[in-house]
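Enquirer: Sequence:
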Amino acid sequence: MRSSYKKALIVYIGFIVVLVGILFGIIYRYYSQYGSIADTMMMVDFQGLLLAFMGAAVLSLISVVLTFNLARAWAKEQPEFTEQIVRYALIINLSLIIILGGLAVGIIVLRTLL
Numbered sequence: 391m392r393s394s395y396k397k398a399l400i401v402y403i404g405f406i407v408v409l410v411g412i413l414f415g416i417i418y419r420y421y422s423q424y425g426s427i428a429d430t431m432m433m434v435d436f437q438g439l440l441l442a443f444m445g446a447a448v449l450s451l452i453s454v455v456l457t458f459n460l461a462r463a464w465a466k467e468q469p470e471f472t473e474q475i476v477r478y479a480l481i482i483n484l485s486l487i488i489i490l491g492g493l494a495v496g497i498i499v500l501r502t503l504l
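Our numbering numbers the first residue of the sequence shown as 391 and each following residue consecutively.
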């Protein structure tokens, strides 16, 4: 593997690690403050919900950029697999968008139900 692919892969893995770390940090902070997930969600106001939704949108955009950057670096190394690489990058991006969007919508729905 060339250095461009390794750098793109390191940035992508770093993004996921930072994202998971922030998520666990936030959950731990508020869960320990309120004692349960339901009480934690009751304390979130409408601005917090909008912030969660906008955060999911920004994370989706960042994941799209990082995935296609990784695919571009990989396609430069192995041009015979370019079509498959781009197809897989598109599938990964759609999956991440659905997952992050689903999380944001799920937070909004759970908040309105509680």
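Bear in mind the hints are in silico, worked out from the structure with no lab data behind them.
Incorrect hints may have been included.
Keeping only pairs whose Cα atoms sit at most 25 Å apart, straight-line, the calculated DMTMM-like set for lysine to aspartate or glutamate is [to be verified]:
#, residue 1, residue 2
1, K397, E470
2, K397, E473
3, K397, E467
4, K396, E470
5, K396, E467
6, K396, E473
Each pair of labels, with its calculated beta carbon distance range [claimed, not checked]:
#, residue 1, residue 2, range
7, Q474, V401, 15 to 25 Å
8, G496, S393, 14 to 24 Å
9, G425, L493, 48 to 58 Å
10, Q437, E467, 16 to 26 Å
11, P469, K397, 29 to 39 Å
12, E470, V499, 19 to 29 Å
13, F414, Q437, 14 to 24 Å
Predicted model only: the values in this text are computed from it and were never measured.
Ideal Cβ positions, reconstructed from N, Cα and C, are used throughout, including at glycine.
Enquirer: Using the C-beta atoms of Q474 and V401, is the stated range 15 to 25 Å upheld?
Expert: Since Q474 and V401 have Cβ atoms about 22 Å apart, the given range 15 to 25 Å holds.
Enquirer: Quick one: are F414 and Q437 within 14 to 24 Å, going by C-beta?
Expert: Given a distance of about 23 Å, which is inside 14 to 24 Å, the answer is holds.
Enquirer: Next pair to validate is K396 with E470; report whether the Cα-Cα distance is within 25 Å.
Expert: Answer holds: K396 to E470 is near 19 Å, not above 25 Å.
Enquirer: Taking only the CA atoms, is the gap from K397 to E470 under or equal to 25 Å?
Expert: holds, 21 Å
Enquirer: Per the hint of 29 to 39 Å, is the separation of the Cβ atoms of P469 and K397 within bounds?
Expert: violated, 19 Å
Enquirer: In this structure, is the beta-carbon distance linking E470 and V499 contained in 19 to 29 Å?
Expert: violated, 45 Å
Enquirer: What's the verdict on K396 and E467, does the C-alpha distance respect the 25 Å limit or exceed it?
Expert: Roughly 11 Å separates the two Cα atoms, so the pair holds.
Enquirer: Does the Cβ-Cβ separation between G496 and S393 fall within 14 to 24 Å?
Expert: violated, 39 Å
Enquirer: Does E467 sit within 25 Å of K397, going by the straight-line distance between their CA atoms?
Expert: holds, 13 Å
Enquirer: Mind checking the hinted window 48 to 58 Å against the Cβ distance between G425 and L493?
Expert: violated, 22 Å
Enquirer: Taking 16 to 26 Å as the hint, is the beta-carbon distance of Q437 and E467 inside that range?
Expert: violated, 45 Å
Enquirer: For the pair supplied as a hint, K396 and E473, is the alpha-carbon distance within the 25 Å limit?
Expert: Holds, because 20 Å separates the two Cα atoms, which is no more than 25 Å.
The earlier numbered hints that this structure contradicts are 8, 9, 10, 11, 12.
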